[in-house]
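**Student:** Residue numbers (this note's numbering), protein chains in the order written: chain V, 25 to 356; chain Z, 335 to 1241.
There could be a bad hint or two in this list.
Footprint (simulated), chain V over chain Z, 3 or more residues, beta carbon under 8 angstroms [said to hold, decoys possible]:
| id | stretch |
| --- | --- |
| 1 | 882 to 889 |
| 2 | 1124 to 1133 |
FRET-style restraints, in silico, Cβ to Cβ [claimed, not checked]:
| id | chain 1 | residue 1 | chain 2 | residue 2 | range |
| --- | --- | --- | --- | --- | --- |
| 3 | V | 199 | Z | 1218 | 54 to 60 angstroms |
| 4 | V | 277 | Z | 382 | 52 to 58 angstroms |
| 5 | V | 277 | Z | 1223 | 30 to 36 angstroms |
Derived from the structure by calculation, the hints contain no laboratory data. Glycine residues also receive a C-beta, built at the ideal position from the N, C-alpha and C atoms.
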Amino acid sequence: MDNQPLSPLENNSTKLLLLTSNIEKIIRGKTQEVKFVIAAMLARGHILLEDNPGAGKTVMAKTLAQSISGGLTEGAAGTVSFKRIQFTPDLLPMDLIGSHIFDDTKKEFIFKKGPLFTNVLLADEINRASPKVQSALLECMAENQISAGDKTFLLDKLFFTIATQNPIEMEGTYPLPAAQLDRFFMKISFGYVSEEVELDIYNNYVAIGDVRNNVSQVLTYSDIIGLQQEAENVLIHPELVKSVVNIVQGTRKNSDISLGCSTRGGIIFIKCLKAWALVNQRNFVIEDDIRSLAQPVLQHRMIFRNREASKTSLQNIVVSELERLAKLGIGN
Amino acid sequence: MSTILSNRKTIFQLLFKLFFIVVPTLFISYFTLAIFNLSYTNLDIGIVNQAFYFGLGLVFSFILYFFRARFVFTFLILLIVYWVLGRILAQLDGEIDVFQVVVKFKLYATLFIIGWLFGFLLERVKFSPIIIAAFLTLISIVALKEQTDFSISTLFFSLFPVLAYALYLLFISPILADLIDLDFKKSKRVFLRTLVFLLLVTSAFWLSRLFSDTAINTNSKYIGEKGGQFDGGENENKGKEKANAYDERNGLLERGNKLDDGDDGYKLKDTMKMSDKMSQADHMMFCAKLKNYFPDGTPQPLYFVYHYLTKYDPIKESFIRDASMPYFDEFNVDPSSLAMYRSKLDRNIIKNCLASKQRKYVEAQVYVSSNTWKHALLAPASAYFVQAIPVDSGYKKLFRSAYRVKCTVSELNNAYFVYNPSGNAQLSEYQEQRFNALRSVIDYASADTAVLRYYTAIPKGTLYDSIANLAKRITKDALTPIDKVIAIRNYFLQTDKDGKKIFRYTLTPGKPSDPNIPNTSMLYSFLFKTHAGYCTYFAGASLFLLRSAGIPSRFTTGFATIDRADKNKGWYWFYASQAHAWTQVYFPDYGWLDFDMTIGNDDQREAPHPDGTPPLPPQEQWLVIDGKTETGPDLKSKQLEIDAQKIIFFNEDFQLNKSRRFKIDASVCRVFYGEKDTTLSCIKSNDSLVLVSFDDASKKIPQPKTEMSIDEQVNGFPKPIIVDEIHIKMRAEDVKKDEEKKKVNEKSLTNNQNWQQLLWIGVYLLVGILIFIFLIPFLWLLILWLLFKFAKNPLQRADRAYQFGLYNFHMAGVERDTETPLSYAKEKTDPLFASSFANFMLLYLRLKYSSAQLLPGDKELISYFGNSVIPSIRNKIGFLKMCLNYLNIFRAQRFFRKPNANNQNEY
């Protein structure tokens, strides 16, 4: 095994294992969520973490950025660039995008790039900023480019936003409209860790702190670009695509859901499924992937009639679809 | 499109429910109705009709309420309709037929409404099986209470089907609810399964036919239990006294073997043997009204004769019939062969009685019990006339037929020879008178020598010599034959020095055991050693003593008549234990007189047999006309005309010189066709009719005049003649139909047993369905295993191993619920059973969703997994528990059910 060149799948698996385990040194007991974040990145998407403060959102984003070398290197450490914007109600779009300033020497306006020009962006507490700012960010996320004045600036190939938001119920927030939520590939919640993990965190606080300060760079920028490419090549069986269609259609027909899933949602779902399969060391999608991803990928795209429906209706659709798949034999 | 689909789905559901719920309910209700009818025979309407109306109500209401009709409203309409119909019927005025229609209407209405309520309960009420079963049980118990023979086994046999039904419904309803919830898309599969199920049920039906022998046995036993007092006697008193069980070999009775009409019954044996013990049955054989009274009106019983056994086989020591006896005076007639009101007369018997002095004519009516052989004529001695008479419909269960006999009887004859008059002055006086009268017979010089020779013959042998000696000793002081008879009788009654009787009555005389006497004879043993025996012994011994003394006598079998109560004067009840043998003694000019030498049984008091209710005697008819109607009846005036040549006028058959036309008033009569009640309108032109007019004080009835010819007397008949009964003779086409029916019946079973067999088949079916349902999980396991074993290629095998694994782990108690198979394998089964399910699932999913390319080692893994499923489960929970798990059909049906995602809220 040492002598033989690794097969592409094994190669990728190793890389992803390295990445996840690296992050997990710091983010403990959250394997699934770490994988979600990575999968969202590999699917060339963005992720929204909805959580209470102190659950490790920022650390997550930072560690991810620190684990990858190359890219828009800025720091001395040679990692991909990582920017963090704390969203506040008085934040302006210019604070994100950047602004034209007058260059004394050249006698012209030059564009001073804002924090959006980065590889990994942490948009903290996104729902505290005004809708104007939110939409500016979301546009960039969708188009992967910034228009400022008469010029259009392309963002880097690796542009991954981790937005966080406080739960809607908290005061002083501008809830994101559904149309904007739709642009996030996933919306997940870290939640609190279990008792044992929490104990482990406290016991190893110093050690964790040390690691945090010098996270090892396990992957390169090009590795990530390669993995993103790889994720697109993951095999998805026609029956599974059909299931995605059934689920998406099901959400539109369901009487408990007032706004069903969009076609874009379906495309994103398939992209995520592929990336998720890759994260789980597979080059093909299986029914379990649908089960794991339906909630984080689809839930936030829909508007439910009531709280009860929001808990069950999507799941009912997915479960009945999974039963259909479970009954299929090989070759069907 | 979707509405059509849902409509079809609804109809599918309805059919399902009808088949699985309504049909068993109908069946069980039919059974309860049958029990009810056993006790309340006065319903008098075919059980099939009753069940039909009940079923109509049930099915109709079930369908109505299935389609969500409002109960209060619909039920109200039903009640109103019935009320209105009832009012309309009440407005009708008419005769008996209208009354019957009203009664029938009320009964059917009640049944229909009960069926209606049942249908509602079944469709709408959750715990309807319990309510219905409780109701049916109650009805059964109420009905069974009427039965005299109320034993635990009766209770069990009657209530078991109802309880099984309740169990079945409780069991089937959740499964059914689940089946019906299936998508319509899958209904095809369900339909196929139903077909398979029906096939299995049919095969179960045929299987049950294989066991039908046992079933019939159970049936006859069942009838026996139900039969109560008119029981077949087979299992009579089994519980109470085992020793008393009737053993045909040792009794006086045997089963008649004339099976041409499908029913048999007990009769006396044609030969009587002295055996070591006698068995007595205890059921009622027949009852009779005997119009024989003393001048003051006290009933004067007479023994009922069956046969004279005039031949003797000294080797077997048994008495046999002899058709060549001189002056044959046995009335040889099968009363059941006579058509209604038809009679048979044999005047030779009056001649052959060889009696002229002190004769009288006695009439009797005999009602033959349902379990008595109906082909035998039982009547007091020297019957010469017999006429078939009807049994009132209320007694048809108890008595299968009846006949009237006329006998020529000596005024000196009665059953009181042995009976102790016990202070009854009149009886003592009568006996004295009788003896005095008979003392006028001094010897047999005047008697016919043929009679004398035949009836005093004794076999040769030392035994008979010693009997002759004994007879000489006993009768040495007696001069006249009657004194000799009395002496012999007194010999049997004598006591020893201590005042103890020497002869004793016993049913178990035992075998003569004296080893010193070679060729031991029962007769010898009885007369000279044990002095113990039953009637055959007393009759046989006295016969030879009488004959030794030169007195002509003969051995007679029949029934002892016991006058038990004065409640129903002249009515006598004959039980099997009254089967008897005695001697008849011949006196010139007086004929044959019954002399019963059997002494009373001191050890056993007379069994307290109930004196039953006598059947309503049929009214005496004065006229029976047998003829043809040309025009049919006039329904308005209720009159008809009949051409007849044959009439029975005061019990005498007459043939008219020429056919006469009688005018008939049929306004008050009942009409019968075959066995069935019908109405006047059923009479068609050219029907052959038998008309009966009763001897009724309200009618003007011409009295028979011996001096006039019958044709002249007919002229004096009233016009029109008021008749009470019209029997339509079976029309040719119906006779044909009847014969065909009989043929069919011969092939299957007798009518009587049909419904019971149906019932038992139904019960077997229910049990079979239950067992089958419990076996479904096993069968499914077997099918999956075979599919796995005989898969064509590795891919198919992987598929089947997947199904097999899922099913087995499910049945082992670990249910998948809404989880995906892979996570189920990883998180549930593998940790518990240490199975390789997760590895297999990874492989399987790869084959399924990636490329169906087998990698090296895949084949082995598939086979290994498939084969290791059961061992891994067995190792964990043990073989027995594993097998028990497969009986859990509720779990099995959850396997096929769509999981309910609502149970799991969060991942």
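**Student:** Evaluate each hint against the coordinates.
**Tutor:** Each hint tested on the structure:
1. Look at the stretch 882 to 889 of chain Z against chain V: 0 of its residues bring a Cβ nearer than 8 angstroms to a Cβ of that chain, fewer than three, so the hint is violated.
2. Counting residues of the stretch 1124 to 1133 of chain Z whose beta carbon lies closer than 8 angstroms to any beta carbon of chain V gives 4, which reaches the threshold of three, so the coverage claim holds.
3. In this structure, residue 199 (chain V) and residue 1218 (chain Z) meet the distance hint of 54 to 60 angstroms, their C-beta atoms being roughly 56 angstroms apart.
4. For residue 277 (chain V) and residue 382 (chain Z), the Cβ-Cβ distance of about 54 angstroms falls inside the hinted range of 52 to 58 angstroms, so the restraint holds.
5. Checking the proposed 30 to 36 angstroms range against residue 277 (chain V) and residue 1223 (chain Z) shows it holds: the Cβ atoms sit about 35 angstroms from each other.
In terms of the numbered hints stated before, the structure departs from hint 1 and from no other.
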